[in-house]
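Top line first, the protein sequences correspond to chains G and V.
Final position of the first sequence in numbering that gives the first Met the number 0 is 399; the numbers increase by one with none missing.
Final position of the second sequence in numbering that gives the first Met the number 0 is 303; the numbers increase by one with none missing.
Treat the hints with care, as some may be off.
[Unchecked claim] Computed beta-carbon distance windows for the label pairs:
id : chain 1 : residue 1 : chain 2 : residue 2 : range
1  : V       : Y265      : G       : Y230      : 51 to 61 angstroms
2  : V       : P258      : G       : Y230      : 35 to 45 angstroms
3  : V       : Q136      : G       : T45       : 51 to 61 angstroms
4  : V       : M1        : G       : E197      : 54 to 64 angstroms
[Stated by the list, open to error] Chain G side only, calculated, beta carbon under 10 angstroms to chain V, not exhaustive:
id : residue
5  : T45
6  : I68
7  : W132
Keep in mind the hints are simulated off the structure, nothing from the lab.
Please read all numbers here as calculations on a predicted model, not as lab measurements.
Every residue gets a Cβ at the ideal spot worked out from N, C-alpha and C, and that includes glycine.
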Amino acid sequence: MQCQSNYHGTRGGEEKLTIMIDTGNRIAAKAAIMAKPEVVAAYPITPQTTLVEAIAEYVARGEYKGEFICVESEHSAMCACIGASAAGSRTFTATSSHGLLLMHEMLHWAALARLPVVMCNINRVIGPGWNIWTDENDSISQRDTGWIQFYCSSNQEIFDTVIQSFKLAEHEKIVLPVMINLNAFILSHTSMPAEIPEQRVVDEFLGKHIAHWKSDIDNPTTFGNIIGPAYYYKVRRAMQQSHLRAKKLIPQIAKDWKKSSGYFHGDLLEYYKCEGAEDILLSMGAIGAESKIAINELQNEGQKIGLARVRVLRPFPTEEIIKLGKQANLIVIDRNISVGLEGVLFNEVKAALFGTSDIKATGFIAGLGGKDVTYKDIKSMCRKAIQGTSKAQEWYAMED
Amino acid sequence: MMRLKDFPVDECLLQGNAACPGCPATIGLRLVLKALGKKTIMVVPACCTSVIESLYPHTSFDIPVMNIAFEAAAAGASGVEASLRQQGRTDITVVAWAGDGGTYDIGLQALSGALERGTNFIYICYNNQIYSNTGIQRSGATPYAAWTTTTVGGKNELRKEMGDIILAHHIPYAAQTCISYPEDVFSKVTKAKNIKGPKYIEILAPCPPGWRFSMDKTVEMGRMAVDSGAWALWECENDKMIFNGKSKLILEKKIQRKPVEDWIKYQGRFGHLFRPQRDEKRLKAIEEYVDSLWDRYRKCYLGK
């Protein structure tokens, strides 16, 4: 990558670090194993497979001593994680695309049951037709399930976010499942260096898993029986309150992680060269990383433009978006679409701004079906938005 | 075999639960939990038992119960079992307790997966031959010609042979029993508790509102099912098949099974076979099916 972001710190102190140059999937697996979940249950799906295979290798080498359940479907993978979490264990799984969709019912279940399951989802296209490249409609369509959702843009961020997600999910003020999203192939299968701290650092940071409720023979309770409207209403409000608390806890946990490990990945958005910007580009995932190059070049050309990469989609960073809306016109690139409406980030950004700003917001749909989105494409979209020659919501580079 | 009078007096299913009067599931639950004791975690998918548990914040169970989605009992139990193994709590029995809809139909895949993986748990299907919690719809366990709200003129298809599907997994222990035989239920559950690996027990559970019979006849209805051969009591330990009680005598032709008609004529769900006139064709088909079932049992397990 050509650009340097002041967003990254450097790992300091006298800790022994290992540089691991590997794919996003294998670095995610490394992070998951270092978090020492007692139970991992997973089912293979391209392009998540190399993540599960990496876990199987840790099992074979005796480096992972937990339970690895090779279930017969993603639905059962999530059910097994739910069962294990409800019995008091730290749990992890990973999936992608149709696998995530098959889990849908149980995603709601895990969140409503307040079970801190941590999952990596490799953002992949939904069929038909069969297409294994990246787009974000799989996880976007799960955004109302109550899961906290991260979108990563580098392998280092994947590592740090997976570790932090266990801390966040299991935090007594949160107790919710967390989904870490990474783009198919662009991240899942691309080797990049990531600094890996010693196991001791992760152990000290996470501590032992403490279940906030569990099925316990010494304190027998019935979980999930029939519940009347009044209690159920409270259950939903409690979930919402936890999500709102997560907005403060996500950066706080990341600061704690930085103290012990050196890297900071933790704001709800990653701001890049936003100071003095009159236009700010909003994007997620791998497009967010590619956008930095576009921003550098546009600034060199004299444009006053910055980047705000949305790392956390749920809870939605409403307050941060409002701040951006007071500063600059917003350009949003979505690698997803809520069919019948528009790109989801574009839609939610505008909803956040309602009544607080009269700036111009321009939305682009780009990269669906895995269509490549390069920094040149991003520059072109930004120019069109700044010049005001794009439609309110435009399908970028669509050939009729 | 432990005698009924010697069963533990402790109850894990409490009074004041929300079951219908004459409910066979509560009879089954009492027997099963007497055999398993309090060191048990029960996983329950959507079924009548999720109602029997009563309304939050109350419960009728004195053991931990984890409800899970309809198709998910065996997968959820896999997770509980894995977690307990990590915690070194091998003294706790994990039991999935599901209805026939959650077993024969929507939960079949997860069940097959859990059996194939060697999950150390007991899966119990209480079979009332219908989706009763949703209001009497057909399931894969509903017998031929039975009325349900989705088979208004009677079911056109035969029931699925779940036992065969289970036995194809060659698990250490599988059994069929019926709530009308408490000692048989108790003995099979106790045996399953002491065997490592996946265990499957199916309990026939005659349902008064679902089968349309008087709520004081639940136990008799189960006995009549066994007497007629429409239901068989058997157990299969490490691929060795044994028939129990009257089913053994029927298998060995030491007694003749009673006509199925003697059983179904007391059930409103088969009323259309008798009124306004006898449906000889379907009544004959029912008897022929049960004969063919026993012919097959004899061929498989007696070699003749």
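Hint check results:
1. For the pair V/Y265 and G/Y230, the beta carbons lie near 42 angstroms from each other, so the given range of 51 to 61 angstroms is not met.
2. Hint check: V/P258 to G/Y230, Cβ distance near 51 angstroms, so the stated range 35 to 45 angstroms is violated.
3. The given range of 51 to 61 angstroms is broken by V/Q136 and G/T45, whose C-beta atoms sit roughly 38 angstroms from each other.
4. For V/M1 and G/E197, the hinted distance range of 54 to 64 angstroms is satisfied, since their beta carbons lie about 57 angstroms from each other.
5. A distance limit of 10 angstroms between C-beta atoms decides the matter here; for G/T45 the minimum to chain V is near 21 angstroms, and the interface restraint is violated.
6. A least Cβ separation of about 6 angstroms between G/I68 and chain V falls short of the 10 angstroms threshold, and the interface hint therefore holds.
7. With 10 angstroms as the threshold, the beta carbon of G/W132 stays out of range of chain V, its nearest partner Cβ sitting at about 29 angstroms, so the hint is violated.
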